[in-house]
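Given chain A, work out where chain B should sit, using these hints.
Chains as they are written, first to last, in our numbering: chain A, 1 to 235; chain B, 236 to 342.
Treat the hints as calculated values from the structure; they're not laboratory data.
Certain hints may be false.
Unchecked claim - Covered by chain B, according to a simulated footprint, are these stretches of chain A (three or more residues, beta-carbon under 8 Å):
{"#": "1", "region": "119-126"}
{"#": "2", "region": "148-159"}
Said to hold, decoys possible - Estimated spans, in silico, between C-beta atoms of each pair:
{"#": "3", "chain 1": "B", "residue 1": "GLY301", "chain 2": "A", "residue 2": "ASP128", "range": "55 to 65 Å"}
{"#": "4", "chain 1": "A", "residue 1": "VAL158", "chain 2": "B", "residue 2": "GLU302", "range": "28 to 38 Å"}
{"#": "5", "chain 1": "B", "residue 1": "GLU241", "chain 2": "A", "residue 2": "SER8", "range": "46 to 56 Å"}
{"#": "6", "chain 1": "A", "residue 1": "THR5", "chain 2": "B", "residue 2": "ALA298", "range": "48 to 58 Å"}
{"#": "7", "chain 1": "B", "residue 1": "THR299", "chain 2": "A", "residue 2": "PRO127", "range": "49 to 59 Å"}
{"#": "8", "chain 1": "A", "residue 1": "THR130", "chain 2": "B", "residue 2": "THR299", "range": "57 to 67 Å"}
{"#": "9", "chain 1": "A", "residue 1": "ASP128", "chain 2": "B", "residue 2": "LEU341", "range": "51 to 61 Å"}
{"#": "10", "chain 1": "B", "residue 1": "GLY301", "chain 2": "A", "residue 2": "THR5", "range": "51 to 61 Å"}
{"#": "11", "chain 1": "A", "residue 1": "PRO127", "chain 2": "B", "residue 2": "VAL336", "range": "43 to 53 Å"}
We put the beta carbon where it would ideally sit given N, CA and C, even for glycine.
For reference, the chains in residue letters:
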Amino acid sequence: MAAGTAMSSYWRGVRDGLPFIVVVAPFSMLFGVLATEAGLAVHETMGFSIVVIAGASQFAALQLINENAPTLVVIASALAVNLRMAMYSASITPHLGPLPLWKRGIAAYFLVDQTYAQSVLDYERNPDQTTSEKFAYFLGVMTPICPPWYLFTFLGAVLGESIPPSLGLDFALPIAFLAMVGPMLRTPAHRIAALAAVVLALAFAWLPYNIGLLVAGLGGMMAGAQAEVRLGTKP
Amino acid sequence: MTDTTELWTIIIALGVGSFGLRFTFLGLIGDRAMPEWLLRHLRYTAVAVIPALVAPLVIWPTATGGEPDATRLAAAAATFAVGYLTKNVFAAMGVGAAVLVSLSLLF
Chain A
1 MAAGTAMSSY
11 WRGVRDGLPF
21 IVVVAPFSML
31 FGVLATEAGL
41 AVHETMGFSI
51 VVIAGASQFA
61 ALQLINENAP
71 TLVVIASALA
81 VNLRMAMYSA
91 SITPHLGPLP
101 LWKRGIAAYF
111 LVDQTYAQSV
121 LDYERNPDQT
131 TSEKFAYFLG
141 VMTPICPPWY
151 LFTFLGAVLG
161 ESIPPSLGLD
171 FALPIAFLAM
181 VGPMLRTPAH
191 RIAALAAVVL
201 ALAFAWLPYN
211 IGLLVAGLGG
221 MMAGAQAEVR
231 LGTKP
Chain B
236 MTDTTELWTI
246 IIALGVGSFG
256 LRFTFLGLIG
266 DRAMPEWLLR
276 HLRYTAVAVI
286 PALVAPLVIW
296 PTATGGEPDA
306 TRLAAAAATF
316 AVGYLTKNVF
326 AAMGVGAAVL
336 VSLSLLF
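Isolated chain A (complex conformation):
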């Protein structure tokens, strides 16, 4: 029975998504703490996590808000961090594309690093699933990832309000970003992209409105793409 198999797909997804809570909880809590330290109210911090629901770009936006970067630069830079979501969207379309539009809308909203990676892994391992089983599995994986993202942001924001601003959390955000960079450097092309971006960011740091960041980001992407072609490596 279709409803029965969709239900068991859902619970299989919940089980497979559960380990990610170890990643999501501290990460969203840190966002909550740092956002309130940066002067955001609890409801504004929650607005970020519910409306944007994308970790790294929320941290990027927060850092640029701290630096009083112009609104447009904040938006452009944080969206650039999220460009990979377009890749996820393209890659999951063969699996969820046949769904009705509103269900595709729901899937798009909850399409984050962890839900994408786990779902596509499962679709490739078990290719015989129907579209509704795949959607149920996706919602299952999302359940222990996205609601905890909101919950722990909230806990972090409340906690952040009780931490005196003098505690010097200024460098926590750079540390959080640096910790994410190491594991990203999987191939020579990734290392070249990162290195080019760092050199350009330092060389163009004098440009106004944090435009140096956009120059460096684009330059790093081009360096990575070129390196991939020339070295003949596939990620």
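Okay, now just chain B, sitting in the frame of chain A:
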């Protein structure tokens, strides 16, 4: 600090933009293939933008008024090294925070 209107402009624009990026292919383009050159560039967005964002913060920290600072440089180096070697984000954050706090207390 950015004022409330600007802040909500940022939140809403980021929300709409992020949803747009996630919805584009799934909702609108369907399963038509993207050009390979575009995919090749998209693969390197995060690994380019995040180091570009963080590098000036490490070399010229805001809290010291832009003066390079040994404690922060050491914490940054430790965070990066642990992340690169272990591929574990939380081990890297933990070690970086420990180095930052212990050196701040020492000096």
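Hints and how they fare:
For the region 119-126 of chain A, the stated coverage by chain B is violated: 0 residues have a C-beta nearer than 8 Å to a C-beta of that chain, whereas at least 3 were required. Check result for the region 148-159 of chain A against chain B: violated, 0 residues qualifying (beta carbon to beta carbon below 8 Å, three or more required). Range check, GLY301 of chain B to ASP128 of chain A: about 59 Å between beta-carbon atoms, so the 55 to 65 Å window is met. A hinted range of 28 to 38 Å for the beta carbons of VAL158 of chain A and GLU302 of chain B is consistent with their spacing of about 34 Å.
Distance hint check: the CB atoms of GLU241 of chain B and SER8 of chain A are about 47 Å apart, consistent with the given range 46 to 56 Å. The hinted window of 48 to 58 Å between THR5 of chain A and ALA298 of chain B holds, with their beta carbons roughly 56 Å apart. THR299 of chain B and PRO127 of chain A have their C-beta atoms about 55 Å apart, which keeps the hinted 49 to 59 Å range intact. Under the hint 57 to 67 Å, the C-beta atoms of THR130 of chain A and THR299 of chain B, about 58 Å apart, fit the expected range.
ASP128 of chain A and LEU341 of chain B have their C-beta atoms about 60 Å apart, which keeps the hinted 51 to 61 Å range intact. The beta-carbon spacing between GLY301 of chain B and THR5 of chain A, approximately 60 Å, falls within the hinted interval of 51 to 61 Å. Range check, PRO127 of chain A to VAL336 of chain B: about 49 Å between beta-carbon atoms, so the 43 to 53 Å window is met.
The earlier numbered hints that this structure contradicts are 1 and 2.
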